[in-house]
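Chain by chain, the residues:
There are 2 protein chains.
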Amino acid sequence: MALFKKIAIIGAGLIGSSLARAIRANDIADKLTLIDMSEDVCKKAVELSLADEITDDAAQGVISADLVVLATPVGTFEEIAKQIGPSLLPGAILTDVGSVKETVFKQLEKHIPPSVIVLPSHPIAGTEHSGPEAGFAELFVDRWCIVTPKPDADLRAIERLTSFWEACGMRIELMDAAHHDLVLGITSHLPHLLAYTIVGTAADLEDDVKTEVIKYSASGFRGFTRIAASDPVMWRDVFLHNKDAVLEILQRFTEDLTALQKSIRRGDGFYLQEVFSRGREIRRHIERLGPEGYPSPQQMNKSDD
Amino acid sequence: MALFKKIAIIGAGLIGSSLARAIRANDIADKLTLIDMSEDVCKKAVELSLADEITDDAAQGVISADLVVLATPVGTFEEIAKQIGPSLLPGAILTDVGSVKETVFKQLEKHIPPSVIVLPSHPIAGTEHSGPEAGFAELFVDRWCIVTPKPDADLRAIERLTSFWEACGMRIELMDAAHHDLVLGITSHLPHLLAYTIVGTAADLEDDVKTEVIKYSASGFRGFTRIAASDPVMWRDVFLHNKDAVLEILQRFTEDLTALQKSIRRGDGFYLQEVFSRGREIRRHIERLGPEGYPSPQQMNKSDD
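The listed protein sequences derive, respectively, from chains A and B.
Reading the first sequence from the start, the letters are residues 1 to 305 in our numbering.
Reading the second sequence from the start, the letters are residues 306 to 610 in our numbering.
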């Protein structure tokens with residue numbers, strides 16, 4: 001028996017279409033509905049046979065779904081909640097895949113009937129590509145999924161939702177929503193903001209220099225351009241909705257950058273070397289955890305390293 | 306017949322030891338001397354049999370070499386020039402692998418006899434690892450090497466030096482030294498400075514948050530930590546010696562970051578989306594050039610893309 005009778009995914013981009021593929025590959029739902037406001041995206045989703053039903057009508061598409069997943073930019077959540085609220089099945093779980101949790105869910109919950117169980121999730125998985133063609137079923141395998149239930153959330157619903165993400169291949173972590181937004185602010189939102197900024201700074205260079213910057217990008221710049229190729233609308237919404245945490249972290253970052261700038265201007269090699277030496281320590285911790293953020297079985301066997 | 310009778314490399318770290326391996330793998334010299342000030346590094350180099358002669362005496366080691374390569378942090382160049390200047394063979398080529406060119410060579414040339422041909426190079430290749438064990442012969446293959454001769458430099462010597470780098474597998478580009486420092490300032494030095502800064506900002510977080518930042522680093526932070534694991538002394542010297550270009554670029558970057566910060570604070574989604582949309586364009590150019598910064602044969606065949 002499948003975990004859910006009917007799952008409705010709203011948004012058929014990279015994450016939504018990958019989730020549709022993962023649900024089918026792992027037989028997680030008896031019926032799968034994929035909803036997208038864009039006619040072009042719906043057409044693509046039909047061509048790719050991503051779901052049993054594909055529609056641009058969200059209110060209609062969520063009817064009788066026992067799991068609804070929002071996979072659109074977080075700035076759309078409130079409007080979608082207004083549209084689907086009245087059609088949601090009592091007892092259904094409403095979750096999402098967004099990179100910001102606290103403010104977004106405060107807006108969204110106003111429009112969701114109390115009979116629906118709202119449980120925010122953040123599967124930490126993605127690529128710099130967008131659209132239904134960019135998705136693949138294995139996107140979630142061995143990645144972390146952070147679930148941020150309220151303290152009074154229904155435990156059986158949490159268990160059902162975590163089983164869903166586990167069935168997609170993910171590892172689960174429960175976290176307070178505000179804390180999630182702070183942690184992701186530094187691991188994800190600030191890196192993206194810096195990458196977008198440096199690529200913008202490069203784009204403003206004179207044409208001949210810009211050509212050379214592109215040519216010699218292997219020396220460090222290239223990795224930033226990969227991050228800065230991420231979906232602009234999704235990231236616009238992240239910064240608009242995680243404003244407080246991002247501004248707080250950006251403030252700390254700017255202070256640290258200003259201190260380095262000053263030491264470069266003054267020729268203070270001791271300070272530079274001291275700051276630069278800390279990088280290796282953090283990297284060592286990260287390498288010990290492995291690319292997915294937890295020790296691999298081999299690494300656990302030699303945990304005395 | 307080998308390209309050079311004797312090559313002396315000063316510095317047996319990642320680049321110097323990789324170069325030693327490449328020289329041997331490609332039969333580029335009749336004799337190879339590897340020089341390092343550190344006794345430990347010399348011992349390692351002996352264990353790894355990296356050269357015909359391994360010594361900590363630079364003045365002695367460069368005698369009769371027709372190519373001398375400086376592969377130490379750029380801050381050491383002037384002192385090394387003082388030590389080796391009197392021992393250098395007339396007609397020898399003196400080059401380097403440093404990431405800064407203009408100021409460094411002004412300092413160095415004061416101590417080099419005019420009979421020696423000074424030709425700065427910058428092989429754009431490396432990893433975040435350091436030391437003689439980290440090196441490998443293929444490090445330079447299909448990478449760019451920027452050579453920055455003065456306008457009046459000896460053309461036959463330039464040709465000999467470019468043949469050397471080509472024999473290591475590199476592609477050559479000639480460039481003005483000051484222009485090199487500006488281009489590398491944005492493609493390499495600024496990305497490293499930002500990576501060191503964000504990792505430092507993360508290191509200052511409370512312990513529990515820091516643990517989570519490490520755990521969820523896959524969401525963007527991880528790539529920065531790889532760059533920030535690069536050799537602290539080498540990078541200290543880069544920033545001390547490319548001060549003007551780095552401060553100029555940092556100024557532009559900070560202005561752009563401040564504009565984004567302001568638009569986050571004001572909730573100006575139009576501005577954010579506009580800036581973020583530029584990232585994809587630059588990335589497209591870089592992907593078209595391929596990871597090494599030039600089109601692969603397959604890509605050239607479909608250059609009408």
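There may be inaccurate statements among the hints.
To be verified - Cβ-to-Cβ under 10 Å is the rule here; a few derived chain A residues that face chain B:
| hint | residue |
| --- | --- |
| 1 | 187 |
| 2 | 214 |
| 3 | 215 |
| 4 | 239 |
These are computed hints drawn from the structure, not numbers from a lab.
No residue lacks a Cβ here, since even glycine has one placed at the ideal position from N, Cα and C.
Grab the minimum C-beta distance from residue 215/A to chain B and call the hint holds if it beats 10 Å, violated otherwise. holds (5 Å)
Under 10 Å, Cβ to Cβ, is where residue 214/A needs to be relative to chain B, so tell me if that hint holds or is violated. holds (5 Å)
Restraint check, 10 Å cut-off on beta carbons, for residue 239/A near chain B: Interface hint status for residue 239/A: holds (5 Å vs cutoff 10 Å).
Per-residue hint verdict: residue 187/A, partner chain B, C-beta under 10 Å: holds (4 Å)
Consistency with the previously given hints is maintained throughout, with no hint failing.
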